[in-house]
Amino acid sequence: MSTLEVKNLHVAIDTQEEGHQEILKGVNLTMSTGEIHAIMGPNGTGKSTLSETIMGNPTYHVTDGDILLDGKSILNMPVDERARAGLFLAMQYPAEIAGVTNAEFLRAAINARRDDDHQISVMEFLKFLDKNMKILDMDEDMAERYLNQGFSGGEKKRNEILQLMMIQPSFAILDEIDSGLDIDAMKVVAKGVNSMRGDNFGALIITHYQRLLNYIVPDVVHVIMDGRVVKTGGADLAQKLEDEGYAGLRDELGIDVPLVDDHLSTSTTKEG
Amino acid sequence: MKLATTLPIDPEQVTAFSKAHGEPAWMTQIRQTALSRFDDLEFPQFERMNYRNWPLTNTQELTGVDSDPKLLDDIEMFHDDAAGVLIQFGKNTTKTQLDPELAQQGVVFTDIFTAEQKYPELLKQYYMQLAITADANKLTAFHAALMNNGAFVYVPKNVVIKKPLQGFYFQDSTQKQDFVHHLLLIADEGSEVTYLENYQTVGDTPNVANILAEVIAKDNSHVHFSAVDELSATSTTYLNRRGYLMNDAQIDWAIGAMNNGNIISDFDSELKGRGSHAEVNVVAIATGRQVQGIETRVTNYGKKTIGNILQHGVILERATLTFNGVGHIVKGARGSDAQQESRVLMLSNRAIGDANPILLIDENDVMAGHAASVGRVDEQQMYYLMSRGIDKATAERLVIRGFLGSVLMAIPVKAAREQLTATIERKLRDGQTTEND
Ligand SMILES: Nc1ncnc2c1ncn2[C@@H]1O[C@H](COP(=O)(O)OP(=O)(O)O)[C@@H](O)[C@H]1O
Ligand SMILES: [Mg+2]
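Here the protein sequences line up with chains A and B, keeping their order. Residue numbering for the first sequence follows the numbering used here, beginning at 1 and increasing consecutively. Residue numbering for the second sequence follows the numbering used here, beginning at 273 and increasing consecutively.
Bound-form chain A, shown alone (with noise of 0.2 angstroms):
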């Protein structure tokens, strides 16, 4: 059993426009393989950037506090280390690669967990990413396609569950997966993920929605709001916020943020 822990995490950015900006004012979060846990929260509250800093995105600076993997800190670790050692990152805006294929990349990305003498076999992995390919519902010649290059807003989040189900990693972040998703697009994407379910793999889902909840059924849902999580629950807490909107949540508890958006329940968004 693995387990991630997120201890009084603060983080900031720099940015030209607005200087030095707080955005994570003390996370505190812990999960282990076996489970799986969802973050939920309104818009611009800090989900990508908690995402980010726990894969290690430099333009993330942590200020206080500490991630821990199995008791560690990885803090000092950069994020190709951090991904041998376990962590993927299903991203929000994946890049476009030209000129390398999506099955050349796939292929280096196990072989980096390999040492020289036990690189993964061409039949071994055609037949792994057949298999995956098959249970995505994807096309085979997007394995010969360039990595994410013109792939549409579908294409990519389903690839991103594709390289997930090919690299096997202990703990994987989705984010916002569900994001402009069409609703057969997303029970095809729950449908690899559950696959993955397991005492060797843990989740954390972050996700704007409630609905992707009911195709990937959580066991700890998290509510962020303002860099800071403000309440824990199970499965039911996500239903609960889908009744009373993050306002009657903020308000229940006493926060004092303005909200983007309330809207739980819109959540027909365009595939883009």
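There may be inaccurate statements among the hints.
Derived pair list, reagent style DSS-like, types lysine-lysine, alpha-carbon separation capped at 30 angstroms [what the hints assert, rightly or not]:
#: 1; chain 1: B; residue 1: LYS664; chain 2: A; residue 2: LYS72
#: 2; chain 1: B; residue 1: LYS575; chain 2: A; residue 2: LYS127
#: 3; chain 1: A; residue 1: LYS7; chain 2: B; residue 2: LYS664
#: 4; chain 1: A; residue 1: LYS156; chain 2: B; residue 2: LYS390
Simulated from the structure, these hints should not be mistaken for lab results.
Mind docking chain B with the ligands on chain A? Use the hints.
Same frame as chain A, now just chain B with the ligands:
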């Protein structure tokens, strides 16, 4: 060291070399004329490239001794699929091979000295007469006077050669010897040929290389010309490839500029004939402390001619890479099109990169466009690849391979593509290792 402005060579020595190779009198004459003109000629100029301190004309040894073919034993040459192979080492030719069926049809692929004897009419007409002339500048005169090995390709009218002709040309730097190599390729009317050449250096004696390639593409011919240039760090080189295109002819150039020493590469296409067309794809990697200047020029003379230049380069360590892209549309070339794109990626803080689009348009009814950039590896792409566990160096190589891929894909022969891919991979790895010192 400085460029010698007069040639430190005795005309008698040149005549003796010519005689020893059984050259006809007209060839000896070309050499002597070039030698006598050298002092009066200018050095060629390339914008933003300065080679004044390079010993390009400091000839050391024209003749040298025979090269030991055993030294080539360990060098991998991919040519399983070739219709013809020519291997040259120093001033010697170590292998000549051509599909007998092609020979029957009149195709010629042989060394330049044999060609002088057997095809004097073609050589007299084209050798340094049309594409490149001996009196163009000091470096071409140097070449005409001191040429000491070369290849000749002739494809007769309407002959289509599917499989590639491959030339492997090795500079012998196990000794002091100038490497003055010439290629004359003539594609006669309506013919089509794929030609591939590879330059390498054996040994590490500092030597001068002066390489000229003339490609004559006659009416309606189509030449696929690929090159992998891998001269060593101890070579100082002037390399000029020039296509001369007649009516409706096309040349597709795909060039891997993988040299390790200081070099001026000058790639020219003269679109003389109406409707002629040149596609020029260049990839370059500059490493160590070398300076690579690459000028790719297309000149539209004929009406409705098309020139496309695509150059992508990567710089590591303290190297310098300069791309000039020259699109020149001459008055009267109505309906012509000149496009170019030059991009340079710098992988090190001490790298120096430059991409200069130069458009010279003397006609109104034309299309022309250019794009140029000098930049660094995209941080978002690096982060994304690394977030999947791929280490920084490998991620960098992947991004670069993608960046160079557009040109790689333009190489028609798989063996050459693979060779170039392997060379790129090796150069990047070597450069990355010292990068982190
Ligand atoms: N890379 C960044 N550059 C500038 N501002 C950022 C960046 N990342 C996050 N922010 C700011 O931090 C706040 C939280 O953003 P984010 O973590 O993306 O929220 P969420 O994912 O919950 O919508 C927002 O005000 C956003 O504008
Ligand atoms: Mg977000």
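For each hint, the structure was consulted:
no.	hint	verdict
1	B/LYS664 with A/LYS72	holds (23 angstroms)
2	B/LYS575 with A/LYS127	violated (55 angstroms)
3	A/LYS7 with B/LYS664	holds (28 angstroms)
4	A/LYS156 with B/LYS390	violated (62 angstroms)
The structure fails hints 2 and 4 (numbered hints given earlier, in ascending order).
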